[in-house]
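Number of protein chains: 2
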Amino acid sequence: MSDAKIRRPRAETPKGFRDYFGTEVTTRKAMLDKIAEVYHRYGFDPLETSAVETVESLGKFLPDVDRPNEGVFAWQDEDTDWLALRYDLTAPLARVAAQYRNDLPSPYRRYAMGPVWRNEKPGPGRFRQFYQCDADTVGSGSVAADAEICAMLADALEAAGIERGDYVVKVNNRKVLNGILDNATDRVMNEDPIQGNSDVIKRAIDVGKRALHSIADDILRTLDKFDKVGIHGVVELLTDGRRDASGAFIPGLNVPPIAVEGLVKFLLAKSETNTQTIANLRLAVGNSKVGAEGVDELEQIAALLAAQGYGPDRIRIDPSVVRGLGYYTGPVYEAELTFQITDEKGRPRNFGSVAGGGRYDDLVKRFTGQAVPATGVSIGVDRLLAALHAKGRISADNTGPVVVTVMDRDRMADYMAMVGELRSAGIRAETYLGNPKNFGNQLKYADKRNSPIAVIQGGNEAESGTVILKDLILGAKIAQNATLEEWKDRPAQDTVLRGDLVAAVRRMLDQG
Amino acid sequence: MSDAKIRRPRAETPKGFRDYFGTEVTTRKAMLDKIAEVYHRYGFDPLETSAVETVESLGKFLPDVDRPNEGVFAWQDEDTDWLALRYDLTAPLARVAAQYRNDLPSPYRRYAMGPVWRNEKPGPGRFRQFYQCDADTVGSGSVAADAEICAMLADALEAAGIERGDYVVKVNNRKVLNGILDNATDRVMNEDPIQGNSDVIKRAIDVGKRALHSIADDILRTLDKFDKVGIHGVVELLTDGRRDASGAFIPGLNVPPIAVEGLVKFLLAKSETNTQTIANLRLAVGNSKVGAEGVDELEQIAALLAAQGYGPDRIRIDPSVVRGLGYYTGPVYEAELTFQITDEKGRPRNFGSVAGGGRYDDLVKRFTGQAVPATGVSIGVDRLLAALHAKGRISADNTGPVVVTVMDRDRMADYMAMVGELRSAGIRAETYLGNPKNFGNQLKYADKRNSPIAVIQGGNEAESGTVILKDLILGAKIAQNATLEEWKDRPAQDTVLRGDLVAAVRRMLDQG
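Each protein sequence line maps, in turn, to chains A and B.
First residue of the first sequence? That's 1 in UniProt numbering, and the numbers climb one at a time after it.
First residue of the second sequence? That's 1 in UniProt numbering, and the numbers climb one at a time after it.
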């Protein structure tokens with residue numbers, strides 16, 4: 001094989017991955033720094049686990065020799081353990097909470113920020129590596145922990161740059177839904193009581209409840225369509241089925257009418273005030289014990305938040321938030337951005353959710369056998385960044401460095417001295433390090449760097465002890481509209497004494 | 001299989017990996033932030049590539065179905081590409097420089113900070129995931145680029161907290177070593193000239209040179225032992241071999257005496273001033289063209305640095321720095337910390353190297369066929385952190401939050417209101433979220449959290465509109481030495497009006 005035939009590797013980001021340049025890195029970092037500051041103030045400590053976990057400890061994904069990497073990126077380590085990249089920040093927290101349970105404070109408040117990996121088919125805007133930003137409290141069963149996370153989430157969003165009024169944290173509770181399903185069964189039984197042996201009746205009721213709960217996930221999926229199909233559509237889907245706009249028929253769930261009534265009350269419980277919403281929910285759960293417990297929890301959360309000044313303008317009890325109810329065991333919360341953006345078809349739509357979380361109680365149990373209550377939130381880093389971009393809240397300074405051009409290759413030391421002075425004064429600066437022969441290339445370079453000023457010193461200037469400062473920002477503005485009167489008193493180029501370099505550059509930057 | 005027999009997963013960090021808690025995360029972040037600020041001021045832009053690369057693009061490690069993950073963590077993606085975790089930050093830069101060559105400015109200055117992964121046998125202090133912090137200039141063949149990296153490295157070390165005088169950046173050049181090897185061959189030929197056909201002679205000389213260069217790596221390894229075995233030991237190892245302290249015999253390299261003479265001159269060239277060092281090196285390389293080029297480059301680097309005020313107290317030409325010469329193609333540099341620490345056996349020793357780099361010119365060639373010059377540095381993040389710890393330069397604030405204790409479970413809203421006020425005032429604070437029954441546990445918790453103040457409000461205090469502030473830092477000091485006169489006027493506990501909570505807490509924190 002001749003040298004020329006050696007196949008060169010492709011210079012490509014792997015499929016589904018991406019690279020971040022310049023301000024893409026710094027704007028995300030600035031946002032996460034602000035959020036971390038809030039988390040810190042709330043007493044949360046950072047935790048940074050390794051990117052790699054044993055597949056055994058990740059749990060959800062079991063090793064399989066033929067296809068070990070379903071959902072995660074996994075490989076076998078030295079013919080023994082299967083290792084994998086973490087797919088979220090909660091699984092590593094579970095491992096850490098179990099591993100260090102004797103050393104960590106309890107409750108343990110921790111936050112984590114970093115990339116996670118998903119072995120999924122990449123799609124537009126769907127990447128196989130992305131950032132998560134989580135905060136969780138492990139070891140507290142108190143609803144005060146849930147309330148705290150909600151307050152912290154509101155503060156974090158504001159710190160990141162989302163203004164009050166542009167977001168709302170919605171709180172719901174899985175127990176309320178469970179209560180409604182229980183209550184529905186009870187009411188079915190009351191309307192049409194089973195005659196006979198009380199033991200048989202008890203068992204029948206139990207079977208009825210379990211039957212309803214077993215389709216809870218289907219019910220949740222249906223309730224989640226409220227925004228799209230309205231309350232009438234939800235009722236159709238819960239009962240006999242529905243024909244959609246395209247004419248296709250979606251079969252119904254055959255939920256008994258009394259249960260449907262409870263679910264409708266649940267969905268429509270949201271009111272102007274948390275107090276009224278809670279009263280509505282209390283009606284909806286009827287005599288269900290777990291339902292009452294759920295409503296009590298929401299009431300306590302609302303009270304705890306009110307005591308800290310978080311009213312329904314920021315955090316609101318809202319039973320129509322159904323997403324997450326299938327996963328969590330108690331209170332769930334979701335941060336929604338309420339301002340509108342225009343979608344790809346030019347239609348206005350709400351920005352939607354940027355964070356979600358809730359209570360889950362089996363975090364550590366897999367490892368230790370001991371149930372440990374936990375509650376936490378995950379902020380969608382890319383979503384929140386997109387929101388900040390949409391609101392023009394990204395104050396990314398993408399101003400490039402002052403570029404000291406090279407007119408005379410032999411006087412490189414002079415140019416380096418200039419750049420050294422500028423840097424010592426805290427001004428971002430660089431000398432042109434490419435081939436200096438073509439001066440036009442140097443100005444093109446300065447342009448590509450988004451440089452505000454080019455510093456030029458040829459032989460004449462060197463002799464007279466001066467330098468030329470070219471105001472590239474002003475130059476670009478003048479080039480855009482040469483007739484603009486406002487620029488006439490401001491030359492786009494200035495000759496200053498070499499000794500005044502730093503002061504003159506600073507002056508020009510301040511004008512810019 | 002009964003439920004009880006289900007094997008629980010082990011809660012363990014995978015072998016060779018580790019977790020970072022609290023200040024371990026924040027101190028590293030603070031250090032990297034300070035370094036990033038310097039890099040930014042020098043005009044370098046951040047780049048964050050994905051953790052995952054194709055094995056093909058990483059290059060050094062070829063896919064092999066039986067054992068694909070030699071040195072890297074690798075796996076096959078969807079039966080096609082082999083993917084792997086990056087093992088450094090240079091290979092991804094090479095890929096990016098090739099992939100985006102039409103869009104990136106040239107020269108391209110970039111910095112990168114993040115974890116890299118090595119599939120190696122873990123050892124004490126050797127981890128399979130660790131941070132790197134790199135800065136490189138791609139597309140400049142000018143030694144000004146090398147000089148700039150050296151100056152930036154010095155500034156970065158100082159920004160991180162290493163004081164001037166506690167470090168030195170040593171600069172050497174691979175070309176000088178090449179020149180010495182060439183020159184040695186020439187001199188052997190001159191001393192013992194080959195008679196006959198000039199073509200044969202030329203070829204003989206060429207073979208001689210190549211023979212010496214072919215053992216260049218062995219020679220480098222030997223020169224690197226200078227610190228340990230001294231100049232006499234190095235000469236023995238270069239020639240006939242050496243018997244070490246244990247009596248074991250290490251065979252020599254049989255380098256011709258004239259070459260040894262050159263290598264000794266090289267090793268001992270370091271002088272008080274860069275000027276003298278350079279003069280010594282010029283003698284050592286004799287008539288070698290590449291050697292003279294190498295010395296010229298060092299002279300230019302010294303001049304460019306001097307022009308910016310970087311004298312040999314910070315950056316110094318030092319040919320005894322041999323590490324890296326085998327890898328790089330031109331100037332190499334290494335930052336050494338010059339202060340002493342005591343090793344595990346209580347002996348003083350120099351802290352040693354914390355960063356290194358140099359010029360390498362085949363970065364992009366693998367991908368495009370086109371040679372692109374590049375130079376860059378990598379800071380050993382863990383080493384530098386260890387150095388800052390050793391010098392007591394880690395100002396990690398590991399003060400925990402103010403802990404508002406829970407005396408009365410029913411008044412949780414009051415406690416949350418207190419904590420809310422403290423947080424709004426920017427004070428790190430939390431309520432105790434565990435089971436409040438045992439008050440001792442709450443104080444133990446505050447202790448574990450390294451809390452400065454516990455806030456207590458029982459029924460009596462609530463009635464009288466007061467709160468008790470317990471100064472836990474002072475309390476600990478008093479407990480350590482109860483007789484200390486200096487504490488007598490400062491009570492470790494204070495009762496203040498509820499309305500004065502924030503102000504009183506702040507006062508106590510300021511005293512602490």
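Fair warning: there could be bad hints in the mix.
Since the list gives no way to pick out one identical chain from another, each pair is judged satisfied if it fits inside one copy or across any two copies.
Unchecked claim - Computed list of lysine to aspartate or glutamate pairs in EDC-like fashion (alpha-carbon distance at most 16 Å, straight line):
hint: 1; residue 1: Lys-270; residue 2: Asp-103
hint: 2; residue 1: Lys-391; residue 2: Glu-158
hint: 3; residue 1: Lys-444; residue 2: Asp-103
hint: 4; residue 1: Lys-437; residue 2: Asp-410
hint: 5; residue 1: Lys-270; residue 2: Asp-224
hint: 6; residue 1: Lys-270; residue 2: Asp-19
hint: 7; residue 1: Lys-437; residue 2: Glu-293
hint: 8; residue 1: Lys-15; residue 2: Glu-78
Source of the hints: derived by calculation from the structure; they are not laboratory data.
Intra- versus inter-copy proximity for Asp-103 and Lys-444 (alpha-carbon distance at most 16 Å):
Intra 58 Å, inter 13 Å, cutoff 16 Å: inter-copy only.
With identical chains treated as interchangeable, where does the CA-CA distance between Lys-270 and Asp-103 reach 16 Å or less: within a copy, between copies, both, or neither?
For Lys-270 and Asp-103, neither the intra-copy (43 Å) nor the inter-copy (52 Å) Cα distance is at most 16 Å.
Within a copy, between copies, both or neither: which one fits Lys-270 and Asp-224 at a CA-CA cutoff of 16 Å?
The answer is within: 15 Å in one copy meets 16 Å, while 75 Å across copies does not.
Tell me, please, which holds for Lys-391 and Glu-158 at an alpha-carbon limit of 16 Å: within, between, both or neither?
Within one copy only: 13 Å inside a chain, 39 Å across chains, cut-off 16 Å.
Is it within, between, both, or neither for Lys-437 and Glu-293, if the alpha carbons may be no more than 16 Å apart?
Neither, since 78 Å and 21 Å both go past 16 Å.
Intra/inter-copy verdict for Lys-437 and Asp-410 if alpha-carbon distance must be at most 16 Å:
within (12 Å within a copy, 79 Å between copies)
Which holds for Lys-270 with Asp-19 at a C-alpha limit of 16 Å: within a copy, between copies, both or neither?
For Lys-270 and Asp-19, neither the intra-copy (43 Å) nor the inter-copy (43 Å) Cα distance is at most 16 Å.
What label fits Lys-15 with Glu-78 when the C-alpha limit is 16 Å: within, between, both, or neither?
Answer is between; shortest inter-copy Cα gap is 11 Å, intra-copy 27 Å.
Violation of the numbered hints given earlier is confined to hints 1, 6, 7; the remaining hints are satisfied by the structure.
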